[in-house]
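Undergrad: This is what each chain is made of:
There are 4 protein chains.
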Amino acid sequence: MDSNVQRRSVLAAMAGGAAGIVAGAAPATAAPADTAPTTKERLKGYTVPLSPRGVANLAGKPPWNYVGDAVGAEFWTSADAAAASLPTGLDPDPTSNGHGYAVFIDWQFAATPDDYLDPPFSLYSEFLILMDAQWQGTPVAWCPFIWVDNDASLARGWVQGFPKKIGSIRQTRAYNIDSLAAPVLGKGGKFAAMMSAGGRRLAETSVTLDHTADRLPALTRPIVNLRHFPQLAADKQDTPAVHELTMSVLDNLKFANTWVGTGDLRFLPAPREELADLQPRKVGVGFRGTLSYSVHDLRTL
Amino acid sequence: MDSNVQRRSVLAAMAGGAAGIVAGAAPATAAPADTAPTTKERLKGYTVPLSPRGVANLAGKPPWNYVGDAVGAEFWTSADAAAASLPTGLDPDPTSNGHGYAVFIDWQFAATPDDYLDPPFSLYSEFLILMDAQWQGTPVAWCPFIWVDNDASLARGWVQGFPKKIGSIRQTRAYNIDSLAAPVLGKGGKFAAMMSAGGRRLAETSVTLDHTADRLPALTRPIVNLRHFPQLAADKQDTPAVHELTMSVLDNLKFANTWVGTGDLRFLPAPREELADLQPRKVGVGFRGTLSYSVHDLRTL
Amino acid sequence: MDSNVQRRSVLAAMAGGAAGIVAGAAPATAAPADTAPTTKERLKGYTVPLSPRGVANLAGKPPWNYVGDAVGAEFWTSADAAAASLPTGLDPDPTSNGHGYAVFIDWQFAATPDDYLDPPFSLYSEFLILMDAQWQGTPVAWCPFIWVDNDASLARGWVQGFPKKIGSIRQTRAYNIDSLAAPVLGKGGKFAAMMSAGGRRLAETSVTLDHTADRLPALTRPIVNLRHFPQLAADKQDTPAVHELTMSVLDNLKFANTWVGTGDLRFLPAPREELADLQPRKVGVGFRGTLSYSVHDLRTL
Amino acid sequence: MDSNVQRRSVLAAMAGGAAGIVAGAAPATAAPADTAPTTKERLKGYTVPLSPRGVANLAGKPPWNYVGDAVGAEFWTSADAAAASLPTGLDPDPTSNGHGYAVFIDWQFAATPDDYLDPPFSLYSEFLILMDAQWQGTPVAWCPFIWVDNDASLARGWVQGFPKKIGSIRQTRAYNIDSLAAPVLGKGGKFAAMMSAGGRRLAETSVTLDHTADRLPALTRPIVNLRHFPQLAADKQDTPAVHELTMSVLDNLKFANTWVGTGDLRFLPAPREELADLQPRKVGVGFRGTLSYSVHDLRTL
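Which chain is which? The protein sequence lines are X, L, U and R, in order. Residue 7 is where the first sequence starts when you use the working numbering, and the numbers rise one by one after that. Residue 7 is where the second sequence starts when you use the working numbering, and the numbers rise one by one after that. Residue 7 is where the third sequence starts when you use the working numbering, and the numbers rise one by one after that. Residue 7 is where the fourth sequence starts when you use the working numbering, and the numbers rise one by one after that.
With the rest of the complex left out, here is chain X:
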């Protein structure tokens, strides 16, 4: 995006500006309820495709419930690379610039129990980066890159502001049985995870567990995303239809079986990718644990 971006809602919010001037992705704000049009779209659904019965859409309306096993590591990249990854509206965190997390998660999603009885829809794996940042002085986590292996998850992610691409993500599994084919979920247990996209390995980690923890190190800050959806009209391609910073609202966030220890982490360079620009200069703790939360809302910043 190399020319003016109309992000007045964000600007307004950051400057305490008056609602009502906004453009960018702010139509709902701009239109007071009493002037709202009354046309009802006859097609139904939340995301595309809208359809007569409203069941074909990739993602229905929230609430969205998630449970997953996570493996990952904290890392420090260069301060410059970290700062460069931030969108306008976020600042480097002066106390931890360059610090972030790489997290691989085997998710199960369900809006209703019927969903987890449809595993091709419900199951997906994810890899994401969370970088320390500040929004108006508040410590936040910024997600510059994220990959999943499921189009419904991609659709939900875009709506949340997670810039999801399709990739292949795999992590070592733990089983509730003693076996030579699985690590112990305990001290000394080793887990690995990796992500590929376009047939290229892009990220890989391995962790050795040492002790339990109350929660995953990676999810201690609110996640800030950038909802972004461009226009295609020839004269508006530099003016996105939606471009707004948001903060995730995670309901009922729970952790279980969290272990932390040491970790390795590498990002591998590839065309059409900038993940390796965040190459770790130092790797901190590695971790493995289970988490669960629900989403029913999003805060626009």
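Take these hints with a grain of salt, some might be off.
To be verified - Mimicking DSS-like on lysine-lysine, the simulated pairs with C-alpha atoms at most 25 Å apart in a straight line are:
id	chain 1	residue 1	chain 2	residue 2
1	L	67	R	196
2	L	242	X	46
3	U	242	R	50
To be verified - Chain U is nowhere near these chain R residues, computed Cβ spacing over 12 Å in every case:
id	residue
4	193
5	268
6	290
Treat the hints as calculated values from the structure; they're not laboratory data. A virtual CB, placed ideally from N, CA and C, is assigned to each residue, including glycine.
Starting from the known structure of chain X, fit chains L, U and R onto it as the hints suggest.
TA: Below, chains L, U and R alone, put in the same frame as chain X:
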């Protein structure tokens, strides 16, 4: 979408209403250039993910060039099913209500020649439905459903208003050599194609070629799409951020080696899908041909 | 392959040996140990591809260790269909003809711990059928059909006599945390699983757990397989190089967290498949549990 | 398998025959025709899985017909690496040791026309290496490594002696139309191809066409393969059931639209792979063309 949808830009356009009142997906329209904010987003790119160097985005800005081999069939579904598939703003075509096309295409995409030298990025296969409709009395083709096997294509499609989902699409290939392993690209040649998503066969066609034609039957009307991108804030989930009818602008559309003949076509029911609601009651011509075009613009209706 | 390889056909050919004396795949049998040739194959490995360093082969020599989560159901098909599925050498079990199990397993494989730190290699999912049968009066389980999503697993399977094809297999997951996105692993918990191949759904089950059990119902009999590998020489295509009944030897078979209850099960017909010929007429218990074992040997019957 | 199957180990066992006399995979060799057992296997098919109706097998009996578009390059690796890649029974070619070809092919397979009307079965892509070698003084091509994306192709390959693994293979396509999205199939046209397995890029080539040729450079020598199928019995894991050099018999081999020019080629190292041990020291001609042949026989060397 089961409550009010603010689609004032479309309403305004259709009614010749004044610009400026708009909401829905119309921010750019609402903000005259002279009042546009001047903040430049420091991240670069056209679609997500925006990034420091602007190469990580799934889709860069147009022009987008396409070439593909298409196999498909025309069909008639019930008038009611066809009418139900249309979004608000489109009307059934009184001369051909129920008539449409099912098209399977093996595409190669390239913004620049470097792209077609990156086939995991450039190659993709697609299946789409085009239904006859009218927009303000003009004959158009409406795309209710479309599947591709490539996330960059999905991203471009969403920006165009094509409601793409991920699927697996395969078609019989022709080769420039006489072989027992391929049909003749000529009279009597038989081709088939099919699409699956979520591990279920959803559509299948077979065609037998009879005679040449100047162009594919399926692309005789301008394609109308619905650009749609929801909000997630709890009180705005029924108010999409973007919801606007658009008309595709295909530059330099060319056809070659077009053959038409007879065809079979079936849609198979599946949970989370409504394609089979458009079940063919009659199948018309089958076809196979090559097409090429470019996209650099989109018309908002 | 790091010891003697008996390759008499080549030896004979290289030594000007008479054509016609040796052929086929016969060295091991035809050559009593005391007359075995001493040529050492310089390429290394256990399965294909053999290679200079012996690391490129799809599967190295045992021991092979496995751990997995299984979901499935017992069923009864017609006595005729069950009998027809048996190879020569096996007889219908007069006490339970028509009875079998459909089992979906999310496996992790490891010959060494390094393997489970390579999840794209180590993880795979499987669907298999086990039918009651008798071998010389002994109750056994015959595996007529099995699908996996990993080529290393396919290679190991063929060596064991499991007639593996590639498919897509998914099952509901349990997590060690309370979540709306997962069933309880306990009374009332519901799990589902399904398998697709070639883009078609071929099998699906759902189970509701009721009470614990000591072991999975599905693995109470020794598994009998048919190792089979054809010849391609024009006059030998009806004479397989390998065609022998075998009995699996599962070391250290363990079960944990086994629950049984009720189940549904369906096989869906498809071209190039005969699974649906075993369509359940009645479904018995459903089950969900974890199992682990090792393989280092195979008994030829 | 609809004729006699020699299954002496089973027969012997069932008849109370002495253990130790028969074993392994040896019936064809060990049993002269006049003493062959007459038991007919009641299951049908050519490869696994054998089944009641004989349609479930991954590959039916030949003839097998193929047509494909090939892109690739010739290369020279070190003489040592080339020699090390050869199985016992083949010698380095003193005139061209180190010389080989890397070839990417988009295939369509059909035993009957119904097959190419089933594209998920019929279509596949392949990458293979062919190294110059000699068999008893005759120039031959040895295939040390090959990947495909289709299990039916893998099964046929193993029967032929091609040591196929599953990978993802993509090549630039040519279309019969002038487009910015495709190279010209003529002087100056550029094509690329690549192969990934396990989520890692393993090979990539790009070629620039210069002039036409009568045939693909890569297929000027008969292809020698090593049919290999191990035993799993604990004491026989070093004694394969099948281990024999074979020479492919390609019927009616035809070429069309062959262009040659310059090429680049790289192999990328990866765990569990030895392809990069054959790293090109020099790259020769690049090429792109169409080929077709049939297989109905195999010569055992």
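Undergrad: For every hint, state whether the structure bears it out.
TA: Verification of the supplied hints:
no.	hint	result
1	L/67 to R/196	holds, 24 Å
2	L/242 to X/46	holds, 15 Å
3	U/242 to R/50	holds, 15 Å
4	193	holds, 37 Å
5	268	holds, 29 Å
6	290	holds, 23 Å
The structure shown violates none of the earlier numbered hints.
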